[in-house]
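If you want the building blocks of each chain, they are given just below.
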Amino acid sequence: MAIKLPIYMDNHATTQVDPRVVEAMLPYFNEKFGNAASRNHSFGWSAEEAVENARAQIARLINASPKEIIFTSGATESNNLAIKGAAEMYREKGNHIITQVIEHKAVLDTCKRLEKYGYEVTYLPVQKDGRIDLDDLRRAITPKTILISIMYANNEIGVIQPVEEIGKIAKEKGVLFHSDAVQAVGKVPVDVQRDNIDMLALTAHKFYGPKGCGALYVRRRNPRVQLSAIIDGGGHERGMRSGTLNVPGIVGFGKAAELAQQEMPEESVRLRGLRDRLKDALFAKLDEIYINGSMVYRLPHNLNVSFAFVEGESLLMGINDVAVSSGSACTSATLEPSYVLKALGVGEDLAHTSIRFGLGRFNTQEEVDYVAGRVIEVVERLRELSPLYEMAKEGIDLSKMNWKAVAEH
Amino acid sequence: MAYSDKVVDHYSHPRNVGTLPKEDPNVGTGLVGAPECGDVMRLQMKINPETQVIEEAKFKTFGCGSAIASSSLATEWVKGKTVEEALNIKNTDIVRELSLPPVKIHCSVLAEDAIKAAISDWKTKKGAEKPAETAAGS
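Order-wise, the sequence lines are chains G and Y.
Here the working numbering runs 217 ahead of the position in the first sequence, where the first position is 1.
Here the working numbering runs 135 ahead of the position in the second sequence, where the first position is 1.
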């Protein structure tokens, strides 16, 4: 089979909308364009029916009840609503929030803002495998703790946190547990009952749905979670999120959830196979490459590898017919290498050489073989160009070099 | 972020990649940058002690495409120049030639530093070897 270039292998950033999802959405741009909040005519009713159907599809995917799904503009908003909404609602109970250092910025920056308003935030470290230590969590909980916010799976390294255990601890201590699950939903079985999750952020575009359409699961029973709204208005979504619903987006979200649930058992096995094939191909041909994060507790479609002595952006430039991303500073706006890899204890030198592969529903084995071949070819070429590789081969310990003196030479 | 054609050209066809013998008294080696910063350049020049002309230049670079292009261009530019002329190469000349965007200016600075470091290494070596020559001659 001929390969169509460029190849997209950056499915942690976003995913292609499944054609079946697009098809489901189309009528809601055209003949069924009504506002789901219009209660007195058929345009409104059919929109409302479609939204409620989608709500049920999404709820089923995470084992929630439909009434517990609050639609938002995306997971960034969902995370903001969960954390700020709970912080304000439970201010009387306490002002302490626990999260961890490798959260997405939507969580970290929300917590930072709350610190300015007098909240106290504990940022738990992660272990070398990328998971938090549950004893650290237990120790961090105080009588003033109102919320634990720990992501389900990380967007860079795909590492899955011990969510079920965290849920148990949170329940024992009577603390709310919120999880940013954007990378996990639709990819691995997420169950808010099993995991004792009180709030959970998800978004359609990470599992083959449209962008601009997310949700927050908010538990209604045992305990009943209440949130202060951060967007005020017409009182939609049980008063937690005002604003006219994005009906076509929500329909697509629901369809994507239904497809994910149907196809997950088979798809996750297939993607794990492709991911391992990619990993094995790279390890067979290249020395001095390192996996970042646990290979055991990991999303099936994620691979994050450091190619020592080869700077990430230069590698991306060489494989310009393949879309992947790098933890190198040169690819970020801040000129800092990945804070996630740093938190794992990966040295900055290796953080600069990391590449994240995110496989998806539409990747084929031919594509994986092609990508592996291209990466190997470019890494070998760039190592020929790398003074560090030459020095390492000569037996010079790069970590013992006085680079500061070199820099000031 | 799109790369300029010249950066792509140097990245795809780097000029003068390689290694010169470090111990050669006529070879100056400049190693600048740090792995933690994501850029390390090594620039080497073989300089004729009589004419002070840079007869050969080689580089190896760990860094982004712009860093590779800056050092590749530097080797092209210093070759055939005298030491004094090479010292006049400014990072801004490299920025202009490669159309580097503001976030990549540090790559050109590093290339200028590498030229200076290589020449200074050569000068140090020469200075150190003078007395030895005298000793051999007497």
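Any given hint could turn out to be false.
[Said to hold, decoys possible] Have a look at the derived ranges for each label pair, beta carbon to beta carbon:
| no. | chain 1 | residue 1 | chain 2 | residue 2 | range |
| --- | --- | --- | --- | --- | --- |
| 1 | Y | P236 | G | N252 | 54 to 60 angstroms |
| 2 | Y | K225 | G | I220 | 41 to 47 angstroms |
| 3 | G | R355 | Y | P236 | 44 to 50 angstroms |
| 4 | Y | D140 | G | I508 | 43 to 49 angstroms |
| 5 | G | S445 | Y | K141 | 32 to 38 angstroms |
Derived from the structure by calculation, the hints contain no laboratory data.
Beta carbons: idealized from backbone N, C-alpha and C, even for Gly.
How the hints compare with the structure:
Under the hint 54 to 60 angstroms, the C-beta atoms of Y/P236 and G/N252, about 45 angstroms apart, miss the expected range. The hinted range of 41 to 47 angstroms is satisfied by Y/K225 and G/I220, whose Cβ atoms lie roughly 45 angstroms apart. For the hinted restraint 44 to 50 angstroms between G/R355 and Y/P236, the CB-CB distance of approximately 48 angstroms keeps it satisfied. The supplied range of 43 to 49 angstroms is broken by Y/D140 and G/I508, whose beta-carbon atoms lie about 36 angstroms from each other.
Taken as a hint, the range 32 to 38 angstroms is violated for the pair G/S445 and Y/K141, whose Cβ atoms sit roughly 55 angstroms apart.
Going down the numbered hints, you'll see the structure goes against 1, 4 and 5, while the others check out.
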